[in-house]
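Novice: Sequence lines, in order, name chains V and A. Mapping of the first sequence onto this note's numbering: position 164 corresponds to residue 164, and the numbering continues sequentially without gaps. Mapping of the second sequence onto this note's numbering: position 378 corresponds to residue 378, and the numbering continues sequentially without gaps.
Derived from the structure by calculation, the hints contain no laboratory data. Some clues are possibly wrong.
Stated by the list, open to error - With a Cα cut of at most 20 Å, we get these calculated EDC-like pairs of lysine to aspartate or glutamate:
1) V:K115 x A:E114
2) V:K100 x A:E336
3) V:K276 x A:D424
4) A:K276 x A:E336
5) V:K91 x A:E114
6) A:K115 x V:D99
7) V:K2 x V:E27
8) A:K100 x V:D99
9) A:K427 x A:D398
10) V:K100 x A:D309
2 protein chains.
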Amino acid sequence: MKIIECPPRDRWESLLRRPVKTVADIEETVLRVFNAVRAEGDQAIRGFTREFDGVTLDDFGLTDEEIREASANVAPALRQAIGQARSNIEKFHSAQRSDKVQVETMPGVSCWQEKRPIEKVGLYIPGGSAPLFSTILMLAVPAAIAGCREVVLCSPPDKEGKLHPAIIDTAAQCGIRNIYKVGGIQAIAAMTFGTAGIPKVYKIFGPGNQYVTVAKQLATAYDVAIDMPAGPSELLIAADESANPAFVAADLLSQAEHGPDSQVILVSTSTGLLNKVSEEVQRQMRYLPRADLATRAMAHSRFICVPDDETAVELVNAYAPEHYIICCERESYYLEHIRNAGSVFVGNFTPVSAGDYASGTNHTLPTNGYARQYSGVNLDSFMKSITFQKITAHGIRDLGPAIETMAEEEGLLAHKNSVRVRLDALKAGSN
Amino acid sequence: MKIIECPPRDRWESLLRRPVKTVADIEETVLRVFNAVRAEGDQAIRGFTREFDGVTLDDFGLTDEEIREASANVAPALRQAIGQARSNIEKFHSAQRSDKVQVETMPGVSCWQEKRPIEKVGLYIPGGSAPLFSTILMLAVPAAIAGCREVVLCSPPDKEGKLHPAIIDTAAQCGIRNIYKVGGIQAIAAMTFGTAGIPKVYKIFGPGNQYVTVAKQLATAYDVAIDMPAGPSELLIAADESANPAFVAADLLSQAEHGPDSQVILVSTSTGLLNKVSEEVQRQMRYLPRADLATRAMAHSRFICVPDDETAVELVNAYAPEHYIICCERESYYLEHIRNAGSVFVGNFTPVSAGDYASGTNHTLPTNGYARQYSGVNLDSFMKSITFQKITAHGIRDLGPAIETMAEEEGLLAHKNSVRVRLDALKAGSN
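Pulled out of the complex, with its shape left as it was, chain V reads as follows (with noise of 0.2 Å):
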């Protein structure tokens, strides 16, 4: 690992600076799909699925028995870790609802705010090697506890059209009736137009590949809202003597793991943390299976040496990490000046794994910088807040004469007749 020492701020930005996104290959593909989805329905869907998928399939609903033989078919070790997870991830979110907010701005001007379900969403569920079960709960519980009435599942079919049984039994678990074995840009496009077979949702979750995160960007274009826009997973560790280098390289090695493109960046005011690091990095990975995607991913981190703790939270909020773990002497300090990131991961003992699955917090979260502006999904994710207004008849007489004079300025008369027609009938009815 090649160590940066106290680089100067002009040179943060190219230091920090993320890979570009070349997307404009894949939309044509994308167009294709999403045209022929939203003219041909099911029939559409099918075609992209043998010819994405490479498997033919003539219902892409589950069957009651599909589910059964799931929950059969997954380990109880498994189902209780899951069980584990989710306990945790409903008691983090649940713990999130708000009040409504209620003001009189004035005598009789009311004022209020309530929260209402997004009343259809989907979710997305990348299928590949791995069975995202844990992105399920992350995106399920939430929509569940919101009171969201029609939540709607898409994950992609294996080559025996099926789908892996803890994708099922989890999306059971979380109480989803409508999975449907179809993936990629042809499962977007069923959640955005609706067909015959899967519903139209009003806003669709969950990540996935280039072609699938170029996909929910066109949905947005046909009225369909989405989590967030998404990049390459990053992790960003904060970490002085105080910390534990082999926790270290084992936390980054994690994110590693994700892909050649993962972002990976260690922050120190020690050298000496920085290069035992960079040595237990090489040592673990030798163990590690994924080793060819995680030296990919290192190759191209960055262990950065800052002269002071304030370079470095300076720092840390210039690249808005989605990850960041804080392993620092001056813990509190840290913590204090975070403007900008997704999740943070506090000590020694919070290895970002534990977020990704089981403590409780949301695993989907901004990347890319997106933290400056964007929350990671949470039970608002899955809600809207309606505003509400009730005057009375001695409000509208108080508050009425500001209205009418801000209208006339705007020029719109109309606005300051609506005040004036109730003012006139208030004092017609009072002579």
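Assemble the complex: chain V is given as a structure, and chain A must be docked to it using the hints.
Specialist: Relative to chain V, chain A alone:
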């Protein structure tokens, strides 16, 4: 006004359909401006200001003198009205502050969620005939409460290269220092990329014409967030015999005067009320200076008669109106069953214009049916939430095995190892 009597459900979709946006021809212009601003910065902005606004400006910023002059040129009655509105908006948006959410999901596993301001936000305020100082209040007040560090405001100059005094004065009263005389696509591009003269921001708020709308959409491709997608303004009124026909007519007309593409819908269980409102609309229209706009919007308004309150409520939720007035006997029934709406106005003395200007609620609201999945602008629009977790040695001992089991099943062995190294160290330490 043509009254539609008890339309069958299978006609609702076509009856409630909004006009389709056609943006293809606009996109080319927007792309051209974005590319030029990105490459040439302020020089490009000067060129487009000449081209689109017909005025030559060397400097886009305001001088202290311009700010002083503006405050002297706003009538005291208007200043007072704006002050009243600001105070109400401040009260309602301050009440939306939320506490840190903290939970121990298991012994030794602490999770919490905190909100932080988005550091840099941009507010776009359209120019044209009406100076929308009310929109400044709606955006700048919550930005200040949230604690956004840098608030940038752009608004197009008039032919003399000036902004309306009420725009300048309201912005200054709200504490905004960065006010720029730049409008349209080039303003959105400037805040997206940043130029020598105008800072880049992380999220852009505010209304605008079709060009601004498409420009904001394009900005999201360059990692900037926006408040919400936009469409023409809308009002749906549910009213029965308990409503005052003159008030209802005045509210419909206040919506209609926004422009010919404004959406106006009246739903009632009473044909009598529908007829009376129709007559009142004709009567009041005569006195409106913007009658031409209102007439065109009213021409495609829909007066719908429904058999009962239950059907009315279902129809409202199917439409998901931006503004929704309830003037019905069974007010609480209507309130209880709202699932999709932007802002709701309750009772005979609550015109939409109250919320447009001064009651305290926000007037930046989801149109185009987006109330199904988007909130209107509120305090949280200027913040993002960050999650945290801290696990003790005891906590990871208890939770660790579940993480290991799940990570192994997902094939992520470096994730498993990041727990393993900690559990091993604890075991070694306790021996």
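Novice: Confirm or reject each hint.
Specialist: Okay, the hints, checked on the actual structure:
Of the supplied pair hints, the one linking K115 of chain V and E114 of chain A holds, its CA atoms being roughly 19 Å apart against a limit of 20 Å. With a CA separation close to 13 Å, the supplied pair K100 of chain V and E336 of chain A stays within the 20 Å bound. Proximity of K276 of chain V to D424 of chain A is assessed by CA-CA distance (about 19 Å); at most 20 Å being required, the pair is judged to hold. A hinted pair counts as satisfied when its Cα atoms are at most 20 Å apart, and K276 of chain A with E336 of chain A does not qualify at roughly 28 Å.
At roughly 16 Å between alpha-carbon atoms, K91 of chain V and E114 of chain A fall within 20 Å of each other, so this suggested pair holds. Note on K115 of chain A and D99 of chain V: the hinted pairing holds, with a Cα-Cα distance of about 17 Å set against a maximum of 20 Å. Between K2 of chain V and E27 of chain V, the direct Cα distance comes to roughly 37 Å. Violation of the 20 Å bound is thereby established for this hinted pair. Distance restraint check for K100 of chain A and D99 of chain V: the Cα-Cα separation of roughly 14 Å lies within the 20 Å cut-off, and the hinted pair is therefore satisfied.
Simply put, K427 of chain A and D398 of chain A have alpha-carbon atoms about 13 Å apart, close enough for the 20 Å limit, and the pair holds. With a C-alpha separation of about 25 Å, the suggested pairing of K100 of chain V with D309 of chain A is violated against the 20 Å cut-off.
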